[in-house]
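Protein chains: 2
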Amino acid sequence: MRDNLTIVKVGGNVVEEEASLKSLLKDFSRIAGNKILVHGGGKTATILSEKLGIEAKKVDGRRITDAETLKVVTMVYAGLVNKNIVAGLQALGNNAIGLTGADLDMITAIKRPVKEIDYGYVGDIKTVNFQALNELIEEGAIPVMAPITHDGHGQLLNTNADTIASEIAVAMSREYEVRLIFCFEKSGVLMNEADEHSKISEINPELFEQLKSDGIVSGGMIPKLSDGFAALHRGVKVVVITNPAGISEGLRGTRLVLE
Amino acid sequence: MRDNLTIVKVGGNVVEEEASLKSLLKDFSRIAGNKILVHGGGKTATILSEKLGIEAKKVDGRRITDAETLKVVTMVYAGLVNKNIVAGLQALGNNAIGLTGADLDMITAIKRPVKEIDYGYVGDIKTVNFQALNELIEEGAIPVMAPITHDGHGQLLNTNADTIASEIAVAMSREYEVRLIFCFEKSGVLMNEADEHSKISEINPELFEQLKSDGIVSGGMIPKLSDGFAALHRGVKVVVITNPAGISEGLRGTRLVLE
Chain A
560 MRDNLTIVKV
570 GGNVVEEEAS
580 LKSLLKDFSR
590 IAGNKILVHG
600 GGKTATILSE
610 KLGIEAKKVD
620 GRRITDAETL
630 KVVTMVYAGL
640 VNKNIVAGLQ
650 ALGNNAIGLT
660 GADLDMITAI
670 KRPVKEIDYG
680 YVGDIKTVNF
690 QALNELIEEG
700 AIPVMAPITH
710 DGHGQLLNTN
720 ADTIASEIAV
730 AMSREYEVRL
740 IFCFEKSGVL
750 MNEADEHSKI
760 SEINPELFEQ
770 LKSDGIVSGG
780 MIPKLSDGFA
790 ALHRGVKVVV
800 ITNPAGISEG
810 LRGTRLVLE
Chain B
560 MRDNLTIVKV
570 GGNVVEEEAS
580 LKSLLKDFSR
590 IAGNKILVHG
600 GGKTATILSE
610 KLGIEAKKVD
620 GRRITDAETL
630 KVVTMVYAGL
640 VNKNIVAGLQ
650 ALGNNAIGLT
660 GADLDMITAI
670 KRPVKEIDYG
680 YVGDIKTVNF
690 QALNELIEEG
700 AIPVMAPITH
710 DGHGQLLNTN
720 ADTIASEIAV
730 AMSREYEVRL
740 IFCFEKSGVL
750 MNEADEHSKI
760 SEINPELFEQ
770 LKSDGIVSGG
780 MIPKLSDGFA
790 ALHRGVKVVV
800 ITNPAGISEG
810 LRGTRLVLE
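From first to last, the protein sequence lines are chains A and B.
Start counting at 1 in the first sequence, then tack on 559, and there's your number in my numbering.
Start counting at 1 in the second sequence, then tack on 559, and there's your number in my numbering.
I should point out that these hints are in silico values taken from the structure, not numbers from a laboratory.
Please note that the accuracy of each hint is not assured.
You can't tell identical chains apart in this list, so a pair holds if it fits in one copy or across any two.
As the list claims (entries may be wrong) - Result set (SDA-like, lysine to any residue): computed pairs, CA atoms no more than 25 angstroms apart in a straight line:
hint : residue 1 : residue 2
1    : 581       : 602
2    : 610       : 592
3    : 610       : 626
4    : 670       : 577
5    : 771       : 756
6    : 670       : 578
7    : 771       : 760
8    : 670       : 816
9    : 674       : 606
10   : 610       : 589
11   : 610       : 757
12   : 602       : 629
13   : 674       : 699
14   : 610       : 576
Predicted, not measured: the structure shown is a model, and the values here were computed from it.
Bound conformation, chain A alone (with noise of 0.2 angstroms):
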């Protein structure tokens, strides 16, 4: 039988207030077995980036990442963000180690080739180095992943945390049973936003079109089902959106399903 694996995607408001970061790493903690913790920090590097007079620009929900970017979401993402990740995790005995795709090789990316939009230093994953990461689970670390990844010839890049984790899932279910978990500030996929008990509990391919024709799935929600339904084809186990509680609650939250 093939071991476990846990990988847990956090973003949004989870990991950037100290509160629900505190909270959020204390149910991470208790996941039995192996897991790996993909994080964001987009709303620290908007502010930073006002702070230090850089426009912030996005385009359908994606952030064009000039050069001066590129520092903001190194600093941000990779230093303050994931660095206080690890030491909250080490205080909770989680062997917690904090990497970008450049540490170890982890990720490589090219460099999104400019076509009707020029995204600047954004990256699409080329390659995940499995043995590396697979060498640090068996050790019993457990990697907490900054959404920076490296093109091998010297350049950082930027690449979206839900794709990370995707990716990441994929390349790990060569050789363990994986569950991908998307963490946010919702109990799960809501049919009606403002209402948590509007929570749909399990959403196939059909259920998906039909919610984003009907505007239920909209913005950024969109491109995460779509990561998390290509990772089911691609042979990770279960995928489920929820918020911190229902990570320790028994995966409580909406379940992608193929069918």
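Got chain A sorted already, so can you dock chain B onto it with the hints?
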């Protein structure tokens, strides 16, 4: 026979200007065998602090680290500087991994007690995790250490990079013949700061006392040399102060000796 391990500490302009960093990384990548890089980044942190309107405070050349400054140094040291070094080394075929003291619990520290001066979030080193560092080295990884430690209770701390290099050198001397290289802009310790040809080839403790009382060695060089002598007393084989060229050219520079 025991394996060699070379520990290079780089600071000052060497690591913070793009051209000199590239050159340093080339020199470092040519070092054969096991190696560790320890870096600073104080100037970049000072510039970022100024941009953010945070006053940079120093007493006797040591930075006072208030809560806002701790955020800045965590972003600059552990994020911007560390990850650019790691990506640069990966491009040169060196399998670098960037670390702070929090990652894998590498270095724990105690927040410096307040006596005459309150240094703020400054950490004095308590433990170096020999086993975790050694496992990475045995797997062929090249640790790149940022001068950030943690207290084991979730608090990150700012720790002097020279001291981190010395303490790692001492800890690794349990199993390795350790060469500790303090790398900066000048070719070594100079009798006359303006004359690169006035390099002192060897300094013993007696000469060190004389150089201090003559004012030839002053400022940040005093704790650097003190750390170096302490490291020799505690089992480190070689301590050299040199510039990047000195690393690749058979360790030219100023060598510290005990007799």
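Going down the list of hints, with the structure as the test:
Only within a single protomer do residue 581 and residue 602 lie at most 25 angstroms apart by alpha-carbon distance; the minimum there is 17 angstroms, versus 32 angstroms between protomers. Taking the closest pair of Cα atoms, residue 610 and residue 592 never come within 25 angstroms of each other, the shortest separation being 41 angstroms inside a single copy and 44 angstroms across copies. Both within a single protomer and between protomers do residue 610 and residue 626 lie at most 25 angstroms apart by alpha-carbon distance, with minima of 16 angstroms and 17 angstroms respectively. When the C-alpha separation of residue 670 and residue 577 is checked against a cutoff of 25 angstroms, the pair qualifies only between copies, where the shortest distance is 21 angstroms, while the shortest distance within a copy is 33 angstroms.
Proximity of residue 771 and residue 756 under a CA criterion of 25 angstroms is satisfied intra-copy only: 20 angstroms inside one chain copy versus 72 angstroms between copies. Taking CA atoms no more than 25 angstroms apart as the test, residue 670 paired with residue 578 passes between copies only; the shortest distance there is 23 angstroms, against 35 angstroms inside one copy. In the homo-oligomer, the alpha carbons of residue 771 and residue 760 lie at most 25 angstroms apart inside one protomer (16 angstroms), although the nearest pairing across protomers, at 72 angstroms, exceeds that limit. Taking the shortest Cα distances, residue 670 and residue 816 never come within 25 angstroms of each other, neither inside one copy (32 angstroms) nor across copies (49 angstroms).
For a Cα distance limit of 25 angstroms, the shortest separation of residue 674 from residue 606 qualifies neither inside one copy, at 29 angstroms, nor across copies, at 36 angstroms. For the identical chains of this complex, residue 610 and residue 589 are neighbours neither inside a copy (37 angstroms) nor across copies (40 angstroms), given an alpha-carbon limit of 25 angstroms. For the homomeric pair residue 610 and residue 757, neither the shortest alpha-carbon distance inside one copy (38 angstroms) nor that between copies (46 angstroms) is at most 25 angstroms. Proximity of residue 602 to residue 629 under the C-alpha cut-off of 25 angstroms is found in both arrangements, the shortest distances being 14 angstroms within a copy and 19 angstroms between copies.
In this homomeric assembly, residue 674 and residue 699 never come within 25 angstroms of each other (Cα to Cα): the closest approach is 43 angstroms inside a single copy and 40 angstroms across copies. Proximity of residue 610 and residue 576 under a CA criterion of 25 angstroms is satisfied in both settings, with 18 angstroms inside one chain copy and 24 angstroms between copies.
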